[in-house]
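Can you build the whole structure from these sequences, using the hints too?
The listed protein sequences correspond, in order, to chains A and B. In case it helps, the working numbering puts the first sequence at residues 12 to 702. In case it helps, the working numbering puts the second sequence at residues 32 to 156.
Incorrect hints may appear among the rest.
FRET-style restraints, in silico, Cβ to Cβ [as the list claims (entries may be wrong)]:
#1 ASP144(B) x ASP180(A): 33 to 39 Å
#2 SER250(A) x ARG92(B): 20 to 26 Å
#3 ASP144(B) x ALA377(A): 30 to 36 Å
#4 THR275(A) x ARG92(B): 32 to 38 Å
#5 ALA127(A) x ASP144(B): 24 to 30 Å
#6 ARG92(B) x ASP247(A): 22 to 28 Å
#7 GLY117(B) x LEU507(A): 37 to 43 Å
#8 THR174(A) x ARG92(B): 26 to 32 Å
#9 GLY79(B) x GLU33(A): 43 to 49 Å
#10 GLN124(A) x GLY79(B): 21 to 27 Å
#11 ARG107(B) x ILE286(A): 17 to 23 Å
Treat the hints as calculated values from the structure; they're not laboratory data. Bear in mind that the values here come from a model prediction, so they are computed numbers and not experimental data. Ideal Cβ positions, reconstructed from N, Cα and C, are used throughout, including at glycine.
Listed below are the residues making up each chain.
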Amino acid sequence: MVGTPNVGKTSLVNAVAGSGLEVGNWPGTTVEVKSARARLGCGDVTLIDLPGAYTLAGTAPDEEVLLPALTADPGALVVNVVDATHLSRDLTLTLELTELGMPMVVALNLVDQAAAQGRAVDAAALERRLGVPVVAIRAHVGTGVPEIVAAASRATAPRPMVTYPAGLDAAVRRLDELAPNRWHAVAALADELPARPAPPAPRRRRGGGPPAGGPVEAPTATLASVGASERAALHDDRSLDAFLAIAEARHQAAHALADAATRTGSSGEDPSERIDRILLNPFLGPFVLLAGLATTFHFTFALSDPWVGFLGSVQEVLSGWIATLPLPVLVGSFLSGAVVDGVGTVVAFVPVLFTLYAILGFLENAGVLSRVAYLADGLMRAIGLPGRAVLPMVLSLGCTVPAIQSTRMLDQRGDRLRVALSLPSIPCSARLPVFVLLAAAFVPEHAGLVLTGLYLLGFVVAVLSALAFKHLLGHDSGSAAMELPAYRLPPFRLVLRLAWLRTRAFLAGAGGPILVAVVAVWALLTLQLPGGTSVFEATSRALAPLFAPLGFGDWRVVGALIPGAVAKEVVIGSLALTFTGGETTAALGFASGLVAIGQAFVDAVQGTITSLWGFALAADAPDGTLGARLSGAVSTGGAVALMVFTLLYVPCVATLAAIRKAFGTHYALFSVGYQLAVAYGAAFLAFRIFG
Amino acid sequence: MSLASDAWSGETRRMKPDGPTPVSSVVPAATATGDRCELCPLNALGCGDGGRVVRLSGAPRIVRRLLALGIRPSTRCHVLGRTPSGGPLHVRAGSVHLMLRADEAADVLIERDDGTEISHVVSSL
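Encoded structure:
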């Protein structure tokens, strides 16, 4: 499945395959490739939904995977999804695809919308001109799917459709003899050959049967150098810019095709333009979108919070059951302290992430997120980033991990890196409960003010970091231009399914590191030194003097920050453990455990329903005893410093895993060092100011 | 206006054997004859104004991106919205809605709708 962004590829895969959609990453990148296996009339097929791109020669990571993915399996059928409302532009990609010489089918989506805009697109006319099957579909409702399956069986390799002018054509023909296909010949002439050699085929190819032949050979250096000399010759002899001339010929051909297949009638006003007049109004728009964003995060917390609580209750019951088992103390402690807590920590991400992915998936597919980027472009320009870079920052308020993954939409590596490395400063939802508890304990009368201040501080530090990295890592910003897709109501089931797929992909990627870290912390807490103190206490006491200048040199506070590196919300649990000695897990009977789980489930459902109506975020009432003991150990200034430190210090394990996957181990380590330094400095200043 | 030094100017003319009336073939002649400047950067347009793209000039990376997004010679462009203080423009190019920064829009040279009179004269020559 190939097509421009937002064209409905995923909807189509979803409609063909029903359930069973999978999200995998292309090897070596964080680019999301969705695939599905389906049993169709012609047998079992693997559907691969490639990232959207306007050209095969794109340079963003999600565009770069396109060509190797297509050519990895010459036996594959290309399904080119084309947006009938942007026919002329989308057909340029179609024409590029015909030059690959692979069998293909064109799926013409949104014909009904084009008709509503006064352009009747005739699939049959397009098919006659293109020479490949063209099927009108409605991807979001799934009509046209049987026709595509039928068309797939009569799909043949198309003949190249673009006629290049004489001089150019001769050069393309000469290069064609060196190149695996015409597209590569043209790309060599236009200086658009992929810079990197093709990465290996995706891992998720099992069950698809062996490819019909070997992969197309990677374009050789010879092709590139011959292309360069042909390009120079064209420039000298005919003063012709090969790239522009090729682009022009393709656009002409696409335009002619679109013209031949379209009958233009009268059209009403585009409803998207009406919405944009309000939403993109420079004065009104920011307020509307900020209100929308606040609502989004309110619902992210409000809808997921009851379920986080439910999972916590299940965790307690499981620990209670373990306490009843006749096990050696160490084994029992390992089971409840490492296994149950570890899995619990991982699973606790599910409600938050699922809700966030669902809401953001909805906004993204509805065309709203790109409007946010439009409105934030001025701010982003000030720090040398394209407007789209604001989306990872917004996502980061929910969870840093998907935010780092979303940087892949930026086409310059420098931009991606700068954004990703500044994201850990933005407070994610896991840090909120820590702030709520500390603010309620130390500055109860100004808690709201302190919370707002912390969020502002996080954003300011992130923006300043991005600015600092601009000088540190060099500046190679790409184009900020982007499409503002038409507003659409995305299919609800698709949004939920994608949210679940992305949550699952997160668990698969980050679950391991989190588990390992939880087990390590458990070992630290449990293992005893010869003197009778735990390794944890010894480490914390050793580190404590370092934090005295920040106003919280108490070893119990410092100790609580160590497990916080796993996930920031663990800080509260650790504080409770070190200050109140931890709750001893009461042994729990099987029946009473089940009752407790059932009760927690009912509470969660009730909580979800009430949270849909109420707008007040019901923060958990902080533990009174813990708060009292904390305020005895740390001064108010120290508490502010502690909150600032918690806001900014080491990214959590899952975030580090995501940075490592996208940019390599050294940048993950750099992030740890950078955040520690920034946190220490900022906390020191906070203690000086408020202490 | 230094059209001759630009990679776009000569070749787009030669590249249009058929297809819709290539506006670009007209313009260099028009600028040579008329003293009015019909070629106008897109960012100089006010809200609601439009015209036809004649050519793109600028860094190759930006030109490639704009072409891919659908800002192509002979495409009709309209400025639908602008943000104050040099912020981005909301542009409709053909049927596609785009956000362009002012400096990117400056790379898009268009023939304004109110310049059609001149181009009619020239194309009949």
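We went through each hint and held it up to the structure:
1. ASP144(B) x ASP180(A): 33 to 39 Å: holds, 36 Å
2. SER250(A) x ARG92(B): 20 to 26 Å: holds, 22 Å
3. ASP144(B) x ALA377(A): 30 to 36 Å: Since ASP144(B) and ALA377(A) have Cβ atoms about 32 Å apart, the given range 30 to 36 Å holds.
4. THR275(A) x ARG92(B): 32 to 38 Å: holds, 34 Å
5. ALA127(A) x ASP144(B): 24 to 30 Å: holds, 25 Å
6. ARG92(B) x ASP247(A): 22 to 28 Å: 24 Å Cβ-Cβ, so the 22 to 28 Å window holds.
7. GLY117(B) x LEU507(A): 37 to 43 Å: Given a distance of about 41 Å, which is inside 37 to 43 Å, the answer is holds.
8. THR174(A) x ARG92(B): 26 to 32 Å: Holds - the Cβ-Cβ distance for THR174(A) and ARG92(B), about 28 Å, lies within 26 to 32 Å.
9. GLY79(B) x GLU33(A): 43 to 49 Å: holds, 47 Å
10. GLN124(A) x GLY79(B): 21 to 27 Å: holds, 24 Å
11. ARG107(B) x ILE286(A): 17 to 23 Å: Given range 17 to 23 Å: holds, Cβ gap about 22 Å.
Every hint from the earlier list agrees with this structure, and none is contradicted.
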